[in-house]
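We have chain G; now place chain U onto it with these hints.
Residue numbers (numbering that gives the first Met the number 0), protein chains in the order written: chain G, 0 to 223; chain U, 0 to 223.
These are calculated hints, taken from the structure and not from any lab test. Some hints could be false.
[Stated by the list, open to error] With the C-beta cut set under 8 Å, the calculated list includes, among others, these residues of chain G facing chain U:
| id | residue |
| --- | --- |
| 1 | 41 |
| 2 | 70 |
| 3 | 122 |
| 4 | 124 |
| 5 | 150 |
| 6 | 154 |
| 7 | 156 |
| 8 | 168 |
| 9 | 174 |
[Unchecked claim] So these bits of chain U aren't anywhere near chain G, every CB distance computed over 12 Å:
| id | residue |
| --- | --- |
| 10 | 74 |
| 11 | 179 |
| 12 | 208 |
| 13 | 220 |
Every residue gets a Cβ at the ideal spot worked out from N, C-alpha and C, and that includes glycine.
There are 2 protein chains.
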Amino acid sequence: MKTVKVIEINENVFSKNDEEADKIRRNLNENGTFFINVMSSPGSGKTTTLSTLINMIKDRYEIGEMDVDIESTIDAQRVADATGVRSLQIHNGGLCHIDADMTARAIEEFGVEGLDLLILENIGNLVCPAEFDTGAHKNVMLLSIPEGDDKPLKYPLMFSMCDVILINKIDTIEYFDFDMDKARDRILKLNPNALIIPISGKTGEGMDTLVQWIDSEISKIKSN
Amino acid sequence: MKTVKVIEINENVFSKNDEEADKIRRNLNENGTFFINVMSSPGSGKTTTLSTLINMIKDRYEIGEMDVDIESTIDAQRVADATGVRSLQIHNGGLCHIDADMTARAIEEFGVEGLDLLILENIGNLVCPAEFDTGAHKNVMLLSIPEGDDKPLKYPLMFSMCDVILINKIDTIEYFDFDMDKARDRILKLNPNALIIPISGKTGEGMDTLVQWIDSEISKIKSN
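Extracted from the complex, chain G is given alone in its bound form (with noise of 0.2 Å):
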């Protein structure tokens, strides 16, 4: 095996929002709204998955959808289109994540009043996102199977931060090399508590996990 040389180039540019993130917090739990911020790549199936999941439970909650996009209001409309619940797209000028600020203003733009739970589609990017602290009360994230079971060990504060991680597309798994158990493992070893769930969005595959986990934490927010 050849020795790879390794150089370190830092530089710090992030900064902290957390006081804003909690007042978000602080507002939702009085409103008796969940929310969560949902991430992960591009095209590891965030839209498609949260389109089946509205539609599991929109008879049984109010919920509305943010979604941040550099131009485009895709993901939005076909959120809309999909499960008739109201959206919002928001446009963060090209910027690669959205912090508690942005995500306090949209909310106000959009109004929670009523909301069981809100959900905010994050832009595709395993990098930026992870560092900004939305607000959320928790936070999701999607590895799709072709994306691989290594993306833990490169991306790995995205992996640290997230309560759920939702494996996607595992009806392809059959064409990848992908290691559920390598997967999983590097998963927890970053993560312990992660609750780490297998699914399809497209096909609704152990979509009943998620449906369960969302039903607890919106009846935790509404018993405080």
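Here is chain U on its own, set in the frame of chain G:
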């Protein structure tokens, strides 16, 4: 069709590093080294494709590979093991991109004397790396079939600024809803001069066209 509301939230955090990038290109021109910057989402197949490419041409060219990652050395090690070429892992301190200054420091550390081809495997991200000129002569990106044909609409800057766009994992196209004509049309609308090459980095399909392009570009650099 429900109408989706749109709000614009802007911020400008990017600074220009064009001068440093031009300096890198001038130095590499004098050295007769062709430099490509390779970008994509996480899991699009950069490392596999570059290993296949390098093995196809390493008998004819001196090649060096630099790999940007947050903290692992997986990719540089994979390329080194698969091809035997000299490889450097660049750790960028958790950032979502690499700029020209960082690239210049990495090139100085790596040493490019005698190299015909220098390859930068950028961090897996469709947003940030597109903002920074790294000093490469040409930018190459991969869009993999499982990610979907809508990605040019959602990450337009990346698709606009790349010279070559490899549509990777075409060996899996029958398992996904990917419309190659739509993908092509969307890319060419943003970037009429893009060279679009469908490939499988895993099976080698389509890679001859990429090799022809590399040959032609190296010969341009050498004849200047």
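(message) Hint by hint, where does the structure go against what was stated? Just the numbers, ascending.
(response) 10
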